[in-house]
Every structure is written in structure tokens, then in C-alpha cells.
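Student: In the order they appear, the protein sequences are chains A and B. Note that the working numbering has the first sequence beginning at 1, numbered continuously upward. Note that the working numbering has the second sequence beginning at 1, numbered continuously upward.
Think of the hints as simulated: they come from the structure by calculation, not from any bench. From the three backbone atoms N, C-alpha and C, an ideal C-beta is built for every residue, glycine too. Incorrect hints may have been included.
Label-pair distances were calculated between CB atoms; the ranges are [what the hints assert, rightly or not]:
#1 A:Phe84 - B:Asp129: 31 to 37 Å
#2 B:Ala9 - A:Gly69: 45 to 51 Å
#3 B:Tyr151 - A:Pro79: 25 to 31 Å
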Amino acid sequence: MVMVIGLIAIMMPVIFMLSRIGGSQTQLAIKYHENLVAETVAFSGSNAGLSRLQGNIRGYQDLPDESSGEEKYALNIRPTGAGFFGQTLYFLLTNAKIKSHNYTLMAEAEQFKPEPTPPVLVISRDYWNTVEPYEISLMADVLSMQNYRGMELLRLEETRTFERQSTLDQYKSEMQAKKLRLPAEIQSGWDKIVTTLVDEKISE
Amino acid sequence: MVEIMVGAAILAIIGGMVANWFVMQRRYQKRILEMSDAQQSIRQASWNMIQELRTARNLIYPRLNADKSIKSDTMTVFKNFSGDIVCYYHYPETGEIRRCVVPNDSGAPIIDTKPIATRIDKVAFTSHDLGNRLLGIYLESGNTVGLESVYLLNE
Numbered sequence: 001m002v003m004v005i006g007l008i009a010i011m012m013p014v015i016f017m018l019s020r021i022g023g024s025q026t027q028l029a030i031k032y033h034e035n036l037v038a039e040t041v042a043f044s045g046s047n048a049g050l051s052r053l054q055g056n057i058r059g060y061q062d063l064p065d066e067s068s069g070e071e072k073y074a075l076n077i078r079p080t081g082a083g084f085f086g087q088t089l090y091f092l093l094t095n096a097k098i099k100s101h102n103y104t105l106m107a108e109a110e111q112f113k114p115e116p117t118p119p120v121l122v123i124s125r126d127y128w129n130t131v132e133p134y135e136i137s138l139m140a141d142v143l144s145m146q147n148y149r150g151m152e153l154l155r156l157e158e159t160r161t162f163e164r165q166s167t168l169d170q171y172k173s174e175m176q177a178k179k180l181r182l183p184a185e186i187q188s189g190w191d192k193i194v195t196t197l198v199d200e201k202i203s204e
Numbered sequence: 001m002v003e004i005m006v007g008a009a010i011l012a013i014i015g016g017m018v019a020n021w022f023v024m025q026r027r028y029q030k031r032i033l034e035m036s037d038a039q040q041s042i043r044q045a046s047w048n049m050i051q052e053l054r055t056a057r058n059l060i061y062p063r064l065n066a067d068k069s070i071k072s073d074t075m076t077v078f079k080n081f082s083g084d085i086v087c088y089y090h091y092p093e094t095g096e097i098r099r100c101v102v103p104n105d106s107g108a109p110i111i112d113t114k115p116i117a118t119r120i121d122k123v124a125f126t127s128h129d130l131g132n133r134l135l136g137i138y139l140e141s142g143n144t145v146g147l148e149s150v151y152l153l154n155e
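Using the sequences and the hints, build the whole thing.
Tutor: Structure representation (C-alpha cells):
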């Protein structure tokens, strides 16, 4: 009897420890799953924001507690001025938070006047994302995000300027020259990729 | 004598049951660990890639075939938010997915020193068109598979 109790006393912590190891590994897998869900929820929140603008809802909108399925998202639509055609310009911000994981989408949107009735034309562009825990209803946080996004937009301007200012042959030879410095896995298909890049090169 | 034999028999039976239970638990834990490792690898790979793909601008490769059928490959190439060319490609020998950035101007390609995913046995990036903005990602690790799709938000 004493032996049986002794065996069980040894076995139980061993079994418990093994199950804890399996549990923690599974928790890591769940963590990445939650990250992906947070992104998807933020994406659906962004679409909801576009729908509001298409429905001719105008001006500053702060909706901190919206639902997408079982998960919550925050939506902040911030007017930034007027465009050349009289359209209203906005920053469209969406944030989803699942446990400790944050995901924020920031985009620009243009809302045109209804002619004659909604839905109105809405153009959205330059979506940018971050996993930093920004508060989208705070102007200081929005400015900080704008700065980071602005740096990447400056790089976009550089790459587009390069495409515009190069001739087809110059652009093709520049891209072809990079082939030898690429990993072997990419080298084999690089010619086809260059053909697509050249075909879709931005022109003046 | 009889009491000792009966006692020994009972002890042997109990010992056998406990040992069997221990072996079963070990096998079960091993299987669970393998599966959760594989799931973690797949989720991590998906998350790392989708983060960048979501705000990318244009899918360069793969594209639909000439007959409009879908095309899959073990690498994908796209223009990221900043307009630079990013490649994700699979090393089957090491089970890694690696990332390489090709500047869309006069700079030299930069290969990331760390892989963005490990323990990935098979990868298939599949183009689904929609203006070259919808990409399917199939990942296989051990006996576990993952399938995600991502829509590129920017133009």
C-alpha cells in the first residue's frame, strides 16, 4: 500500500510537468493565431469605417467599442481637410486588441459629395499597419503614427521617382544586374519577374 | 509464503499498469508537442508574412497562368508599402522561409540574416488574381497543415 502511494506521489508531478510543457507550446501557437485574428478584426473594422463614409456619415467619428463577431475593435475617423474637388479628406484609423496583442491600421480616405444620394464615392489609400499599442483617439499617438508612416511614404516616392525617370531599357538593365546577387531560389525565376516589373513600370 | 506471492503478484500488476500508463502518457505528450510545435511554426510563419503582405502594393509573382488557371510556387515576389521588391522563398533542405529585399532603384539586394519561419516542410504561394492582390499561403509542417489567404490593401 505504501509503495502504491509512493509511486502515485512520484508519478503525479511527472505527469503534471509533461502536461504543462504541452500546454505552454500550445499557448504559443494560440498566441500567433490571436495575432492573425486581431489583424482580421482590424481589417473588418476598417471596412466598416469605409461603409460609414459611403453612407454619407460625415465629420469626426470616434467609436471605441465596436464588435466584429466575438471580438472588439475601435474606429476613429478624423477629418484632415478638403481636396481639390471639394471632397473631404480623412485619416481612417482602426485598432483591434486581443489580450496583449495590438493591431492598428491607418489609411487615408477621400469622401466625395453625394450626387444626388448615397452611397457616395469613397477612395481609400496607403494603408499602414503597426503592432505597437497606440491609442487611436489620442492626437499625440496619431501624430507619432503619421511620422513613421511618412518615412515609408518618402521611400515610396523615391522608388516611384526612379521608375518614372528611368527608360524601359535602363530600368530593365538595373533590375537584371541584381540577379547575380540574389539567392539561387530566386535567380531561376528572376527573368520572368523582371519582365513583369518592366511591363508595369510607372511612366511619366 | 502464499501471502508474499500474492503481494508480489499484486505489486507486479499495479507496477505494470503504472508503467503502461506512463508510457502511454509519454507517447501522448510527444504527439501533442509535435503538433503544437508544428502549429506554432505555421502560425508564426503566416503572421510574419501577412504583416507585410497586407499593406503591400502589388503581387509580382506568382500570377495566373495564361489560360487563367491558378499558379502556385514555393516563392512569392511583391512590391511592399514603400515600393521595394520583397521576395519570400523556401529552403527545403533546412525547412526555412527566408526574406530578401530588392531595392526598386540602384541599391543591392539585402538578404535577411534570420529566417522568417523555421520547421516548414512545404510551402505553396498561390495567386488568385483579383487584380493581383489576393494570395493564398499553404504551409505544411510534419503532419499539420495551415492555409491562409491575404488581400493586399494598397495600390
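Student: With reference to the structure, classify each hint as holding or not holding.
Tutor: Hints, verified against the model:
Between Phe84 (chain A) and Asp129 (chain B), the C-beta spacing of about 33 Å keeps the proposed range 31 to 37 Å intact. Range check, Ala9 (chain B) to Gly69 (chain A): Cβ separation about 59 Å, and the 45 to 51 Å hint is violated. Checking the proposed 25 to 31 Å range against Tyr151 (chain B) and Pro79 (chain A) shows it holds: the Cβ atoms sit about 27 Å from each other.
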